[in-house]
Amino acid sequence: MTSIETIQLDPSKAHWLPYAPLVKVSGPTKLYFLSDIGPIPTYHRQPLSRADAVLPDDIREQARMTFQNLSDLLASHGLGWQNVVKVLEFLKDMREADAVHSVMGEFFGGTRWFPANTMVQVDNFIAPGARVQYDVIAAGPLNP
Amino acid sequence: MAITPVHSDPARASELQYPPGISVSSTDTLFFMSGATAIPLYHMHPHIDEECVLPDDIGEQTRRILVTFDEILKFNGLGWRNVVKFTQFLTDIREHDAIQEVIAEFFADSDWRPASSAVAINSLSAPGARLEIDVVAAKSDD
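Just so you know, the protein sequences line up as chains U and W, in that order. Take the first sequence: its position 13, counted from the start at 1, is 13 in the numbering used here, and no numbers get skipped. Take the second sequence: its position 21, counted from the start at 1, is 1021 in the numbering used here, and no numbers get skipped.
Don't take each hint at face value.
[Stated by the list, open to error] With a straight-line Cα cutoff of 16 Å, these simulated EDC-like cross-link-like pairs (lysine to aspartate or glutamate) come out:
| no. | chain 1 | residue 1 | chain 2 | residue 2 |
| --- | --- | --- | --- | --- |
| 1 | W | K1085 | W | D1070 |
| 2 | U | K92 | U | D52 |
| 3 | U | K92 | U | D135 |
| 4 | U | K92 | U | D123 |
| 5 | W | K1139 | W | D1028 |
| 6 | U | K92 | U | D57 |
| 7 | U | K24 | W | D1111 |
| 8 | U | K92 | U | D10 |
| 9 | W | K1074 | U | D10 |
| 10 | U | K13 | W | E1051 |
| 11 | U | K24 | W | D1028 |
| 12 | U | K24 | U | D36 |
[Stated by the list, open to error] Listed next, with one range per pair, are the computed distances between beta-carbon atoms:
| no. | chain 1 | residue 1 | chain 2 | residue 2 | range |
| --- | --- | --- | --- | --- | --- |
| 13 | U | G27 | W | S1008 | 36 to 44 Å |
| 14 | U | P28 | W | P1019 | 31 to 39 Å |
| 15 | U | R95 | W | S1116 | 39 to 47 Å |
| 16 | W | P1127 | U | D52 | 35 to 43 Å |
| 17 | U | Q46 | W | E1071 | 38 to 46 Å |
| 18 | W | S1014 | U | S3 | 34 to 42 Å |
| 19 | W | S1014 | U | P11 | 43 to 51 Å |
| 20 | U | D58 | W | F1075 | 40 to 48 Å |
| 21 | W | E1071 | U | R60 | 31 to 39 Å |
| 22 | W | D1056 | U | G27 | 42 to 50 Å |
| 23 | U | R60 | W | D1109 | 42 to 50 Å |
| 24 | U | L48 | W | V1024 | 25 to 33 Å |
| 25 | W | V1024 | U | D58 | 33 to 41 Å |
| 26 | W | A1104 | U | D52 | 42 to 50 Å |
The hints are simulated quantities; they were obtained by calculation from the structure and are not laboratory data. Given the structure is predicted, the values throughout are model-derived calculations rather than measurements. For glycine and all other residues, C-beta sits at the position ideal for the given N, C-alpha and C.
Work out the full structure: start from the sequences and follow the hints.
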């Protein structure tokens, strides 16, 4: 059986963290290493055409588009947010982290699941105007 | 072992120079750890200033991060030999060598070295943090 669990070294402080300090995946598992996911459509012409990358400036709207793209990709393989074991979160502006996480809560809060998380601020993304990008590892049953 | 491209719309696969994902099968136990800076593993959110008072010395910041991971590893019955991947995020790439020296101290007892990548980034979430490391560890059941 595939097992995906949060490990808390100090359960009394678990509520301090809006993410899991670590996620343990055990048993026969299928791991999914996803390409970068952002507000632009997952399928887009390459090299990227500017017409495919007209993005709203609003970070909350970009976060919604990003999480929708992620949800759709996961759902196509019978997976959901509770299968996401690790996210690497790239932001253009660290001050927008709270806005992104509040949209994350709107999308996925109902699952009560928190992946392990790393978050850094970077200069730029491939898509002009993009402000957020995710690098995701998910885990699911070996034979879905 | 099955290694398979992940597509949500296979009809459009040819548009992309890479697949939206790759899936692999595994029977090993994997541990995905959140990125850690030199502040305590458990800290308040939003961050409070008192928890983010950090030494300026990059060696000391690196040591605190590795002590955090040492605790996480031991808590799970693991050691540094179980670490398969380090990703290092630096705010100043010139500090790379000093960081590697401290990492080497933690691996001094074995010849094991995990895969590692390092990049310079603009900013980390904790004020004053100059390094964040995230770790993947594994335990083979066989």
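Hints versus structure:
| no. | hint | result |
| --- | --- | --- |
| 1 | W:K1085 <-> W:D1070 | holds (14 Å) |
| 2 | U:K92 <-> U:D52 | violated (20 Å) |
| 3 | U:K92 <-> U:D135 | holds (14 Å) |
| 4 | U:K92 <-> U:D123 | holds (6 Å) |
| 5 | W:K1139 <-> W:D1028 | holds (6 Å) |
| 6 | U:K92 <-> U:D57 | holds (12 Å) |
| 7 | U:K24 <-> W:D1111 | violated (26 Å) |
| 8 | U:K92 <-> U:D10 | violated (32 Å) |
| 9 | W:K1074 <-> U:D10 | holds (14 Å) |
| 10 | U:K13 <-> W:E1051 | holds (14 Å) |
| 11 | U:K24 <-> W:D1028 | holds (11 Å) |
| 12 | U:K24 <-> U:D36 | violated (23 Å) |
| 13 | U:G27 <-> W:S1008: 36 to 44 Å | violated (26 Å) |
| 14 | U:P28 <-> W:P1019: 31 to 39 Å | violated (23 Å) |
| 15 | U:R95 <-> W:S1116: 39 to 47 Å | violated (30 Å) |
| 16 | W:P1127 <-> U:D52: 35 to 43 Å | holds (37 Å) |
| 17 | U:Q46 <-> W:E1071: 38 to 46 Å | holds (44 Å) |
| 18 | W:S1014 <-> U:S3: 34 to 42 Å | holds (37 Å) |
| 19 | W:S1014 <-> U:P11: 43 to 51 Å | holds (49 Å) |
| 20 | U:D58 <-> W:F1075: 40 to 48 Å | holds (41 Å) |
| 21 | W:E1071 <-> U:R60: 31 to 39 Å | holds (36 Å) |
| 22 | W:D1056 <-> U:G27: 42 to 50 Å | holds (44 Å) |
| 23 | U:R60 <-> W:D1109: 42 to 50 Å | holds (49 Å) |
| 24 | U:L48 <-> W:V1024: 25 to 33 Å | holds (28 Å) |
| 25 | W:V1024 <-> U:D58: 33 to 41 Å | holds (37 Å) |
| 26 | W:A1104 <-> U:D52: 42 to 50 Å | holds (46 Å) |
Hints 2, 7, 8, 12, 13, 14, 15 from the earlier list are contradicted by this structure; the remaining hints agree with it.
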